[in-house]
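Residue numbers for the sequence shown follow this note's numbering, beginning at 1 and rising by one.
A few of these clues could be false.
The list that follows gives simulated cross-link-like pairs (lysine to aspartate or glutamate, EDC-like), each with its CA atoms no further than 16 Å apart [what the hints assert, rightly or not]:
hint, residue 1, residue 2
1, K34, E65
2, K19, E87
3, K20, E69
4, K88, E110
5, K36, D79
6, K34, D61
7, K63, E110
8, K45, E128
9, K19, E85
10, K88, E22
11, K45, E110
12, K20, D123
13, K100, E69
14, K88, D61
15, K34, E85
16, K20, D32
17, K63, E22
18, K24, E128
Worth flagging that the hints you see were computed from the coordinates, not collected in a lab. Everything numeric in this text was worked out from a predicted model, so none of it was measured.
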Amino acid sequence: MNGIMPMTGNLSSFTVAGKKIEPKLNVYTSEDGKRKSYTYILGNKGNVTFYSYFGIPYNGDSKGEVTIEVDGNRIIQRDETWNKEAEKIIVPLFHMMNPKTNMTYSNVNEISITVSGNAKLRDVRFSEQKHWWE
1 MNGIMPMTGN LSSFTVAGKK IEPKLNVYTS EDGKRKSYTY ILGNKGNVTF
51 YSYFGIPYNG DSKGEVTIEV DGNRIIQRDE TWNKEAEKII VPLFHMMNPK
101 TNMTYSNVNE ISITVSGNAK LRDVRFSEQK HWWE
């Protein structure tokens with residue numbers, strides 16, 4: 001991870017669409033409502049899957065956005081108009097097409113997460129699929 005770190009300790013619960021959310025691993029937030037970016041350097045890991053949950057708690061300001069980029073290409077963008085519920089996001093990057101190369105992301109070097117407004121991304125993790133012969 002480069003630069004800013006997500007919250008990982010003493011994670012507070014919050015409410016999204018009337019449902020109490022209790023983060024288990026981490027929370028990515030803008031904290032002050034301004035845009036904040038988090039960058040992971042994966043070093044060309046292969047067959048990567050990205051897992052997370054997106055939601056915007058309502059505490060007077062229900063606006064916000066989360067953008068996820070892989071190697072400089074936006075692959076996910078969610079905001080308050082997308083879904084009012086807490087949304088699970090699972091992205092098998094090795095099945096997605098890289099618009100610059102017209103090939104799948106067989107290897108991923110960098111994942112960037114940008115959060116703005118009141119949006120939150122929680123319980124973010126990555127996995128690298130390995131085959132038994134590797």
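For each hint, the structure was consulted:
no. : hint        : in the structure
1   : K34 to E65  : holds (10 Å)
2   : K19 to E87  : holds (12 Å)
3   : K20 to E69  : violated (28 Å)
4   : K88 to E110 : violated (21 Å)
5   : K36 to D79  : holds (15 Å)
6   : K34 to D61  : holds (13 Å)
7   : K63 to E110 : violated (27 Å)
8   : K45 to E128 : holds (7 Å)
9   : K19 to E85  : holds (8 Å)
10  : K88 to E22  : holds (14 Å)
11  : K45 to E110 : holds (9 Å)
12  : K20 to D123 : holds (15 Å)
13  : K100 to E69 : holds (13 Å)
14  : K88 to D61  : violated (22 Å)
15  : K34 to E85  : violated (22 Å)
16  : K20 to D32  : violated (22 Å)
17  : K63 to E22  : violated (20 Å)
18  : K24 to E128 : violated (21 Å)
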